[in-house]
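Here's the letter readout for the chains.
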Amino acid sequence: MIDREQVLHVARLARLQLTDDEVERMAGELSSILGHIERISELDLEGVEPTSHVVEVANALRPDEPRPSWDREVMLANAPDRTEDGFLVPSPQAG
Amino acid sequence: MSAEIRSLSARALAEAIDRGDVSAAEAFEAYREAAAAEDLNAFTWVADSAPADVPAGPLHGVPLAVKDLFCTEGVPSQSGSRILEGYRPPYTATVVRQLTAAGAPLLGKTNQDEFAMGSSNENSAFGPVRNPWDRERVPGGSSGGSAAVVAAGLAPWSLGTDTGGSIRQPAALCGIVGLKPTYGTVSRYGMIAFASSLDQAGPFARDVTDTALLYAHMTGRDACDSTSLEHPQRIALPTAERLDGVRIGVPRDLLDESAAGIEPGVSAAFEATLGRAAELGAEVVDVTLPHAEHGLSAYYVIAPAEASSNLARFDGVRYGLRRDPDEGLVAMYTHTRHDGFGDEVKRRILIGTYALSSGYYDAYYGRAQQVRTKIAEDFRAAFGRCDLIATPTAPTVAFKLGEKTDDPLAMYLNDVFTIPISLAGLPAISIPCGLSDGLPVGFQLAGPAFSENRILDAAHALEQATGFEGLAIS
Amino acid sequence: MSTRYEPVIGLEIHVQLKTNTKMFCSCALSFGDPPNVHTCPVCLGLPGALPVVNERAIHYGLMIGMALESELAPRSIFHRKNYFYPDLPKGYQISQFDLPLCSGGRLGDVRIHRVHLEEDAAKLVHVGESGRIHGSDASIVDFNRGGTPLAEIVTEPDVRSAEQAREWLQLLRTTLRQLGVSDVNMEEGSLRCDANISIRPVGSTELGTKTELKNMNSFRFIERGINAEVARQTALLEAGEPVVQETLHFDPRTERITSLRSKEEAHDYRYFPEPDLVPIAITSEMLEAARAELPELPAARAERYESKLGLSTDSARLLAGRAELAEYFEAALASDGDQPQTLANWVAELAARLDEGDPGASKVEPAALARLVGLLSTKAITVGAARQVLDRLVAEGGDPEQIVEAEGLGAIGGGDELAPIVAEAISANADAAEKIKGGNMKAIGPIIGHVMKATKGRADGGEVTRLVREQLGL
Ligand SMILES: [Mg+2]
Ligand SMILES: [Zn+2]
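Residue numbers (this note's numbering), protein chains in the order written: chain A, 1 to 95; chain B, 1001 to 1474; chain C, 2001 to 2474.
Simulated from the structure, these hints should not be mistaken for lab results. Computed from a predicted model, the values in this text were never measured in an experiment. Any given hint could be a false lead.
[What the hints assert, rightly or not] Facing chain B, from chain C, some residues (calculated, C-beta under 7 Å):
1) P2041
2) G2045
3) L2050
4) R2080
5) K2090
6) S2130
7) G2131
8) I2133
9) S2136
10) D2276
11) L2277
[Unchecked claim] Some chain C residues close to chain A (C-beta under 10 Å, calculated; not the full set):
12) R2056
13) L2171
14) A2281
In this text, a Cβ means the ideal position worked out from N, Cα and C, and glycines have one as well.
All chains, please: the whole structure from these sequences, using the hints.
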């Protein structure tokens, strides 16, 4: 149903490292779950609109009025690594 | 004094405080002490002391336990996850602010399945919660901690969230009342998201009246949540003692479909309660929900898909766990997420990513959303023939710790009766309706959108008739 | 004989909207502020935070759609575009996918494919070896820009040359500036352009493999970048090698084109409808409000210049296509509106002398240019003298009459003054005089040249010709 390669591909998309054991186990578990899920492929859903919102609301818009931004120290307080004024990360260019 | 205070319903305690029989500080301390000493692993954080200034409000200082995933300023809000261990947000969820403003101070944060993914509370990074009825058994999930603390008398009431059954199922397994409101009636702002189109906050309490009282202060349109809306009705305290003229629909096809999964004791308690409803004047009718049996499949596409995206923000950049930054950005991402997320969360991220990925979207996500449409239509049609729909909340009573951890699919089947209602965004309550092998059985009543008053009234009438004693403390 | 190729170019333009606040939160937009002082739980992607759409961003989006003659969707929705990058706090960008705000349309000779709204990414500042992160260079994330509203404008592949791309982008910039929806400053990044480029044999209707040239930040670079890429693709095809579909970067210093993303990292954005937002349903009030704020746009303005002022098509398009020229022209016209076409020519003449091409920013007052044109039309000065006056005005500003006076640039008027000079020129050019007498008027050149030299260009060419004919008895 879903093989090792597919699990690895999806894990890469999700930025999730998996050990070899985990890949093996996930391939089995996901296959059984997807096997159940695939029952919906038997349904005749021709012309049925998809539902992504159950609430029938539109245009929940916000007036374009600024409110004070948050104190930088408060927002940096949870940073795993930081400089005086920003969030420090490994550079994307560095591979 | 402490035991006396804790034996009162929330409403009775509020009245006692209002009368001056008990002070708000005494009430808080009684619960705080008990919560700090608990051995169910149900709290992840308990307040050190009563908050200095409990606002005077209609809830009069009755303390509130809150599921871990609600952000509370300066207080650990970890959503049961290693990746958020020790995270203290700079802001508080709207619904918690509303309840604090109404006079319910924060007693503690409760344990839960990681990111609300689970039906047993065994997926918490902070260990499983034990069911106060039997400590070798699970309390249900994902809001297991919030259900257990109320059942154990460690909190008068609590907040949970329900995505596919995460309030109703633990309420059932712990023998208390839990309400999953109409989607949108309670703000989601500050709730650490699992599946945004399904997540909904709701109350746990020992009885239906307390449930109504808490819910009445939770509703309201929030400018910070685009999907929130004003409840068209004021939520009233229920008074009904009879069910005359109420048509209760039973989706026999769905119950038969899962007959193999329903325990006999659960079935017996459910049928007995239907009988009692008829005695109270209700008309019990058969209804069909032809697509409900596919609810589980649709749910296990939609919820993981949304979750895979909602959980992308846990990347080790701005908050939470970070692993191996020295090995470069991609290694930091993948190792952080490997070490930070538990197995169930990983499974759902993978399913959700797969279902949205190029080439699979139409077959999975697209179809699941169409099934969702069909299920919503089924309910609309059914509510043309009845006022409320009844099912057992869960097919089984509380199961043993570890019993289903090796079989994710078996675990998912716990929510077979709660999920279709979630997909349709409808309100539903679980009330205790009896015991099976000494463990509580939940009775689920669902109604059309915004029918909370009707549901609460009917639940109240049944509660009076069954006379179930909600507390698991002796 | 070798095949001739033609480029097929489509443009994708990201425009930062000039709202007061960000796309989905109430943080003010940032202009060169210290890092991370414009953030909140929403634009930092904190757990539990939710987006709410900025009303004015929709308003601006509708204005852009109207200006580009797009079809405005009665109902449009936002999608999530999922990918990981440190400048993307939620792990997804809220954008629009299959139901954008505006579809189709046209500006000038290029058709519009769509216009949609989205949020900008944050800024990454590469700091190299940080001393904090070992074995890997570090970057600092500044979230001030993150969440700035963007309109993404996508054209059909109607552009056939780099020069046309530049000219069209200038027209687009003028249009957007007139709308007042953006600063449209390429250097500051409020207008950013990507180009999709392919080539095909002239006469072919099939499309070749396209490459995407990213983020060119000046009109000059766009032209040079596209030319370089067209040359690269042509060389490939001529060498019998295929063009590979990839994303490219043009380095304006070296004129080199490099691949931006490694191939192994194929993108799969897993778009799905953003469950935290509700649809945008355009109301008639919203449409009216947008229409009411639409200024006169280049196409309409050019039409008016032609029909009402009698400008030539080229002049009308030139002025209308560049708002700064049109505004200057209209200011000059207001002080003296007798000679619109001559004035238009002199506005163009003035703009050509300016580095920035913006007469409004020069020392030449619009009224001064109008007076200069007045002097010219009353033949008080000659064209040559007017050019000299304009040079002085550009350099120093001032009043044209005073410059003419001080420099003695006034036209040498009637016969009295000019006749002896013409006589002298005829006798110095006897050959030419003979030829004219023989009926060859073209031979008058040297005689006029002589007069002009003697008068330092202050003689009127027509008057000189008249005097020559008169003195030669023709
Ligand atoms: Mg874009
Ligand atoms: Zn913000």
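Going through the hints against the structure:
Interface restraint check: P2041 (chain C) against chain B, minimum CB-CB distance 5 Å, threshold 7 Å, status holds. This hint holds: G2045 (chain C) has a C-beta 5 Å from the nearest C-beta of chain B, less than the 7 Å allowed. With a cut of 7 Å, the hint placing L2050 (chain C) at the interface with chain B holds, because the nearest CB-to-CB distance is about 5 Å. With 7 Å as the threshold, the beta carbon of R2080 (chain C) comes within range of chain B, its nearest partner Cβ sitting at about 5 Å, so the hint holds.
A least Cβ separation of about 5 Å between K2090 (chain C) and chain B falls short of the 7 Å threshold, and the interface hint therefore holds. Restraint check, S2130 (chain C) versus chain B: the minimum CB separation of about 10 Å is more than 7 Å; hint violated. The interface hint given for G2131 (chain C) is broken, as the beta carbon of that residue sits about 12 Å from the closest beta carbon of chain B, more than 7 Å. The restraint placing I2133 (chain C) at the interface with chain B holds, with a minimum CB-CB distance near 5 Å, inside the 7 Å limit.
Given hint, S2136 (chain C) at the interface with chain B, holds; its Cβ is 5 Å from that chain's nearest Cβ, closer than 7 Å. Because the closest C-beta pair between D2276 (chain C) and chain B is about 5 Å apart, less than 7 Å, the hint holds. Annotation: L2277 (chain C) was flagged as interfacial toward chain B, and the flag holds, the nearest CB pair being 5 Å apart, inside 7 Å. Satisfaction of the interface hint for R2056 (chain C) is found here, the shortest Cβ-Cβ separation to chain A being roughly 4 Å, below the 10 Å cut-off.
Of the supplied interface hints, the one on L2171 (chain C) is violated, with its beta-carbon coming no nearer than about 28 Å to a beta-carbon of chain A, more than 10 Å. Restraint check, A2281 (chain C) versus chain A: the minimum CB separation of about 4 Å is within 10 Å; hint holds.
Hint violations for this structure: numbers 6, 7 and 13, all remaining hints satisfied.
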